[in-house]
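Q: Sequence:
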Amino acid sequence: MFIKFEYLKFAGCLEDIRVFEHLSGFVQVIMKIDGVLIPNCKMPIQIYEDLEQGSHVEFYALVQNSKNKVKNTAIVLAAKTASGRLLRVPSMRYKVQLHFWVIAAMWAAIAFVLSWIALVFGADFLMGSRSMSLQWSFINSGASVIGLLTGGFFVGCGIYLFHKTSVLDTWKSIAPALLVERFSKLHR
16 MFIKFEYLKF
26 AGCLEDIRVF
36 EHLSGFVQVI
46 MKIDGVLIPN
56 CKMPIQIYED
66 LEQGSHVEFY
76 ALVQNSKNKV
86 KNTAIVLAAK
96 TASGRLLRVP
106 SMRYKVQLHF
116 WVIAAMWAAI
126 AFVLSWIALV
136 FGADFLMGSR
146 SMSLQWSFIN
156 SGASVIGLLT
166 GGFFVGCGIY
176 LFHKTSVLDT
186 WKSIAPALLV
196 ERFSKLHR
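Per our numbering, the very first residue in the sequence shown carries number 16; after that it's consecutive.
Hints are not guaranteed to be accurate.
Claimed, not checked - Result set (PhoX-like, lysine-lysine): computed pairs, CA atoms no more than 20 Å apart in a straight line:
hint, residue 1, residue 2
1, Lys179, Lys24
2, Lys24, Lys95
3, Lys187, Lys110
4, Lys84, Lys19
5, Lys84, Lys57
6, Lys47, Lys179
7, Lys179, Lys19
8, Lys187, Lys95
9, Lys57, Lys47
10, Lys95, Lys19
11, Lys179, Lys95
12, Lys57, Lys19
13, Lys86, Lys57
14, Lys47, Lys82
15, Lys57, Lys24
16, Lys19, Lys187
17, Lys57, Lys179
18, Lys47, Lys19
19, Lys24, Lys47
20, Lys57, Lys95
21, Lys110, Lys47
22, Lys19, Lys82
In short, the hints are calculated from the structure, not lab data.
Start from the sequences and build out the full structure, keeping to the hints where you can.
A: Structure follows, in structure tokens:
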């Protein structure tokens, strides 16, 4: 199961913001921006504490884009106030990177084991006339390459996310009225 998300920025007058769940280091909020209620937003407590109602704010968020709108969430990584002050939690960039590396290690191990099992059964078919030591070499090498490629994919995703959080101005802009369409009406 892959989570599809986009790097989006949305801006407007922050008319209201209400916390409905406290998480570890985060709060889950419902925001009213330019008269539009945006549900299922998670943001670091440090950013939440610095926001002022009635001010113009530009939010930078990873927004989930799943077909199941009930599960969609937005994770605010940074916010820019009307004065141009950038609100962000620098340590979060590194924590997310570390999280991707842990995921990379887990998926690399899983891919290695599954491909090793598949290659054990397929080696006789693929290399039946070769020696047994050559078949084992093929199995171990093939499983290692598949595991490394899988892990490399997730490491690459983490590096890309780290890069994207460095250049916030390149994020796609979306109006709050269009953003809210990604969320289920149950949350509004």
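Q: All hints, please: hold or fail.
A: Structure-based check of each hint:
With a C-alpha separation of about 12 Å, the suggested pairing of Lys179 with Lys24 holds against the 20 Å cut-off. Proposed proximity of Lys24 and Lys95 is supported: the alpha carbons are some 10 Å apart, at most 20 Å. Pair hint Lys187 plus Lys110 does not hold up; C-alpha atoms about 24 Å apart against a cutoff of 20 Å. Simply put, Lys84 and Lys19 have alpha-carbon atoms about 12 Å apart, close enough for the 20 Å limit, and the pair holds.
Restraint check for Lys84 and Lys57: satisfied, since their Cα atoms lie roughly 16 Å apart, inside the 20 Å limit. Between Lys47 and Lys179 the CA atoms are separated by roughly 26 Å; this puts the pair beyond 20 Å, and the hint is violated. Of the pairs offered as hints, the one joining Lys179 and Lys19 holds, with about 16 Å between alpha carbons and a cut-off of 20 Å not exceeded. Between the alpha carbons of Lys187 and Lys95 the distance comes to roughly 15 Å, so the proposed pair stays at or under 20 Å and holds.
Proposed proximity of Lys57 and Lys47 is supported: the alpha carbons are some 14 Å apart, at most 20 Å. Taking the CA atoms of Lys95 and Lys19, the gap is about 25 Å. The hint is violated against a cut of 20 Å. The suggested pairing of Lys179 with Lys95 holds, with an alpha-carbon distance near 16 Å, which does not exceed 20 Å. Distance hint between Lys57 and Lys19 is fulfilled; the C-alpha atoms sit about 17 Å from each other, no more than 20 Å.
For the hint pairing Lys86 with Lys57, the CA-to-CA distance comes to about 13 Å; that is within 20 Å, so the pair holds. With a C-alpha separation of about 24 Å, the suggested pairing of Lys47 with Lys82 is violated against the 20 Å cut-off. Of the supplied pair hints, the one linking Lys57 and Lys24 holds, its CA atoms being roughly 14 Å apart against a limit of 20 Å. With a C-alpha separation of about 15 Å, the suggested pair Lys19 and Lys187 falls inside the 20 Å cut-off, and the hint holds.
With a C-alpha separation of about 19 Å, the suggested pair Lys57 and Lys179 falls inside the 20 Å cut-off, and the hint holds. For the hint pairing Lys47 with Lys19, the CA-to-CA distance comes to about 25 Å; that exceeds 20 Å, so the pair is violated. Between Lys24 and Lys47 the alpha-carbon distance is near 15 Å, which keeps this suggested pair within the 20 Å criterion. A threshold of 20 Å between alpha carbons decides the hint, and for Lys57 with Lys95 the separation of about 16 Å falls inside it, so the pair holds.
Annotation: proposed proximity of Lys110 to Lys47 is violated, straight-line Cα distance about 29 Å (limit 20 Å). About 9 Å separates the Cα atoms of Lys19 and Lys82, which keeps this hinted pair within 20 Å; it holds.
When each numbered hint is compared with the structure, violations occur for hints 3, 6, 10, 14, 18 and 21.
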